[in-house]
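S.K.: Spelled out, the chains give:
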Amino acid sequence: MKTLRRISQILFLVFFFFLFLSATYPLKIKIPVDLFLRMDPLIGLSAIVSSRAWIGSFIWAVFVLALAIPLGRYFCGWICPMGTGLDVTSYVFKNKPGRSYRRLRYLKYMILTFLLVGAVFSSQLFWIFDPIALFTRSVELSVWPIITLISSAIFGFFFRLLSFPDWLSSINNFFSSTLLPDQLNFFRMSGWVLLIFAAILTAEFVSRRFWCRYLCPLGALFALFSKFQIWRRRVSSDCTNCAVCQNVCKMDAIRDDFRQTDYAECIQCYDCVPGCGQGVTNISFKGRVQPHKFDIGRRRVASSVAAGLVSAGILKTNLVTRNQTHALIRPPGSSEEEEFLDRCIRCHECVKVCSTSGRFLQPAFLEGGLEGLWTPVGVARYGYCEFNCTMCTEVCPTDAIHPLDVETKKKWVIGLAYIDRSRCIPWYKNENCLVCQEHCPTSPKAIELKDEKVLHFDGSERLVKRPYMKEDLCIGCGICETKCPVAGKSAIIVTPQNEHRWFK
Amino acid sequence: MKDRITRRDFIRASFGTAISLSLPGLALPKLLAQTIEEPQVIPDLAVVTDSEPAAMTRKAMEFLGGMKRFVSKGDVVVVKPNIGWDRSPEQAANTNPEVVAEVVKMCLEVGAKKVRVFDRSCNTATRCYEHSGIQKAASDAGAEVSYVVDAGFSEVKLPEGEVLKSWPLYKPALEADVLIDVPIAKNHGATYLTMGIKNLMGIMGGDRGRVHWSIDDKLADLANFVKPQLTILDAYRILLRNGPQGGSLKDVELKKTIVAGPQIATVDAYGATLFGMKPQGLAHIVKSSKLGLGEIDLGKVNVKKMSLG
Chain A
25 MKTLRRISQI
35 LFLVFFFFLF
45 LSATYPLKIK
55 IPVDLFLRMD
65 PLIGLSAIVS
75 SRAWIGSFIW
85 AVFVLALAIP
95 LGRYFCGWIC
105 PMGTGLDVTS
115 YVFKNKPGRS
125 YRRLRYLKYM
135 ILTFLLVGAV
145 FSSQLFWIFD
155 PIALFTRSVE
165 LSVWPIITLI
175 SSAIFGFFFR
185 LLSFPDWLSS
195 INNFFSSTLL
205 PDQLNFFRMS
215 GWVLLIFAAI
225 LTAEFVSRRF
235 WCRYLCPLGA
245 LFALFSKFQI
255 WRRRVSSDCT
265 NCAVCQNVCK
275 MDAIRDDFRQ
285 TDYAECIQCY
295 DCVPGCGQGV
305 TNISFKGRVQ
315 PHKFDIGRRR
325 VASSVAAGLV
335 SAGILKTNLV
345 TRNQTHALIR
355 PPGSSEEEEF
365 LDRCIRCHEC
375 VKVCSTSGRF
385 LQPAFLEGGL
395 EGLWTPVGVA
405 RYGYCEFNCT
415 MCTEVCPTDA
425 IHPLDVETKK
435 KWVIGLAYID
445 RSRCIPWYKN
455 ENCLVCQEHC
465 PTSPKAIELK
475 DEKVLHFDGS
485 ERLVKRPYMK
495 EDLCIGCGIC
505 ETKCPVAGKS
515 AIIVTPQNEH
525 RWFK
Chain B
13 MKDRITRRDF
23 IRASFGTAIS
33 LSLPGLALPK
43 LLAQTIEEPQ
53 VIPDLAVVTD
63 SEPAAMTRKA
73 MEFLGGMKRF
83 VSKGDVVVVK
93 PNIGWDRSPE
103 QAANTNPEVV
113 AEVVKMCLEV
123 GAKKVRVFDR
133 SCNTATRCYE
143 HSGIQKAASD
153 AGAEVSYVVD
163 AGFSEVKLPE
173 GEVLKSWPLY
183 KPALEADVLI
193 DVPIAKNHGA
203 TYLTMGIKNL
213 MGIMGGDRGR
223 VHWSIDDKLA
233 DLANFVKPQL
243 TILDAYRILL
253 RNGPQGGSLK
263 DVELKKTIVA
273 GPQIATVDAY
283 GATLFGMKPQ
293 GLAHIVKSSK
303 LGLGEIDLGK
313 VNVKKMSLG
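Respectively, the protein sequence lines represent chains A and B.
Each residue of the first sequence is one higher than the last, beginning at 25 in my numbering.
Each residue of the second sequence is one higher than the last, beginning at 13 in my numbering.
Hints are computed from structural coordinates only; laboratory data are not their basis.
Some hints here could point you the wrong way.
As the list claims (entries may be wrong) - If you anchor each label on the Cβ, the simulated ranges turn out as follows:
id: 1; chain 1: A; residue 1: 519; chain 2: B; residue 2: 226; range: 29 to 37 Å
id: 2; chain 1: B; residue 1: 289; chain 2: A; residue 2: 50; range: 34 to 42 Å
id: 3; chain 1: B; residue 1: 310; chain 2: A; residue 2: 519; range: 43 to 51 Å
id: 4; chain 1: B; residue 1: 86; chain 2: A; residue 2: 198; range: 26 to 34 Å
id: 5; chain 1: A; residue 1: 202; chain 2: B; residue 2: 77; range: 39 to 47 Å
Even glycine gets a Cβ: it sits at the ideal position worked out from N, Cα and C.
Can you make the complete structure from the sequences, with help from the hints?
M.R.: Printed below as a string of structure tokens:
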């Protein structure tokens, strides 16, 4: 069974990465690339509680959660890509189960309570702690750019070395149109995301599965269901107290008498079964189900409820100036801002697909207030919203971004560009430029050129093509800002003026 | 004694034959006279109209003396279409895929070692290559279609450049034995029209936006440096407004025309007339002509025209 568990872990991890890599242009895959996120009951709970609406795509999560009734925390041991990631880390570094901090176990329940209370008051913080969202985000924002950097360096090196052989072009073509992006990916915030991810991995050196034992709210949710767990570790009376099982248990779930198990901690990994010196441990479906004692403690519950309330208070009453809320350009099809913040779990699937098309979306820092941290925003100086592309709207697990068809999307206004005449070359320098007009994808173009006779500062008269905005045609895609050849800040800038949002 | 008939011999001989035949030929049906006169003089410009893209392209090349005049056995050929935009062929923002495929085929027929097709796109390359139809059409025809990679650009000095003195250019394009420029005829905000000369921007790296400042002179310098051996202008569909990427089919006119010639400025000059414009009014064409890239006074150009309709 242990081997089987390992195979399951590896397969699910491979499947996770397969889906991750499939979130790329042309996105023709039939399986939803956000399947892992949709399977996650915590994300489902988060989205459903904070948006107060049933979201159909979470039917998978219900199933996953229901399985916890007989199987306890099977998800943590067999499926969770974060858990597998931690196991791999420990395997590589040959970590021992490490220290035990049993008192910290309550932390994960407190975090869960805290998140749920917050969600009821519409301050959605699940995104910080949900392991699937966290893992997806970490891979996307901090690991993925490194991979693209390495792959492009390797390709670049061999292209130059072998002077552009066609067979290498074919390989490059294949990867560019399937797994790898056709350009480098850079993201803001990747350092911070990496820091958190690295901290969770490093905690493996303190105790194995530190994250899962003490912090993970998804683990806590499964643990709550473990009360009636019927597939359980059992020890026969022949136990000789050799303590081997306790020494191999990475979850520190075996009590000091070696016979009893904390089922809320056990992740069904089966390490203790072959590890058992006497062969008296087994995990089976046998006998009467005895609900085990389980108490978080009234005070802990009370304090996390209080913390949840305070967090909601801080986030919701946090002074967000008009300057901030009005500075964000959201992906097309985004729900109205409140709803968007309730739903978005910062998995960055949208950012991933976008990075293979227009490279528009980036995680926000504080420009949308505290609540908007790491939500996807369009950064038009870096990339633009590809006119015929709807991929970001197709991969959102919580429908924070509503699916759009291409024709609707082409008319979906996410902002409005304005020309900064003090920086725009035809305006301040009286010289032709027109790159913005060339790239404007709408038909007719939202940027119109007018031939104007102007008096140059040296007294001469010049004929200049000057760009004008046609507000009713601009959809705010930002390609003008991306391609503007003025150094530094663009001379044409997109703001969320006129933006359209999805309403339920 | 020469044991081979050179082109000159052939022209001389056929010229003689034509003269001797033209006397009784006055009475003969016109058709016959035409078939005899045809091989006499290779025109500066071939213009074929009113048929399908591939057939017109082939005919135009026939008029120019066949692809063998430009491509020798064992040559590495780069065919440079416009794959700039995430648009379908009907929207006339990219070169017609059938034209590209036919050019590729003709190159391979006369023994080209390989034919490479690429363009540095403005929209996401993967999207443009696919939706333009060029990726499939050209590779089916036997070309090596590749995305432009950053590693391919290196700073190149343009010794004769008057305004553009140095720029990162795409090495695989410069290293080709033969470069065939296969643009589409489109409206463009900055240069009024974009055709052969403007299409060469697809081998430029760096921040191409900056090329747009005094673009006419820079494009002429670039064309003078690159000097494609052949330019085949796709005017099957032309984009009249909202160029260079259009979007609306209302802006597209079905012109069913292919213009081909060895002189890039001449091809572009003729292309301008398709839009009812005078080439003399298009600064980048005028400048290129001044640099010796072709006559743009179409009165002085030997144009061979034919309708296949």
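S.K.: Which numbered hints does this structure break?
M.R.: none
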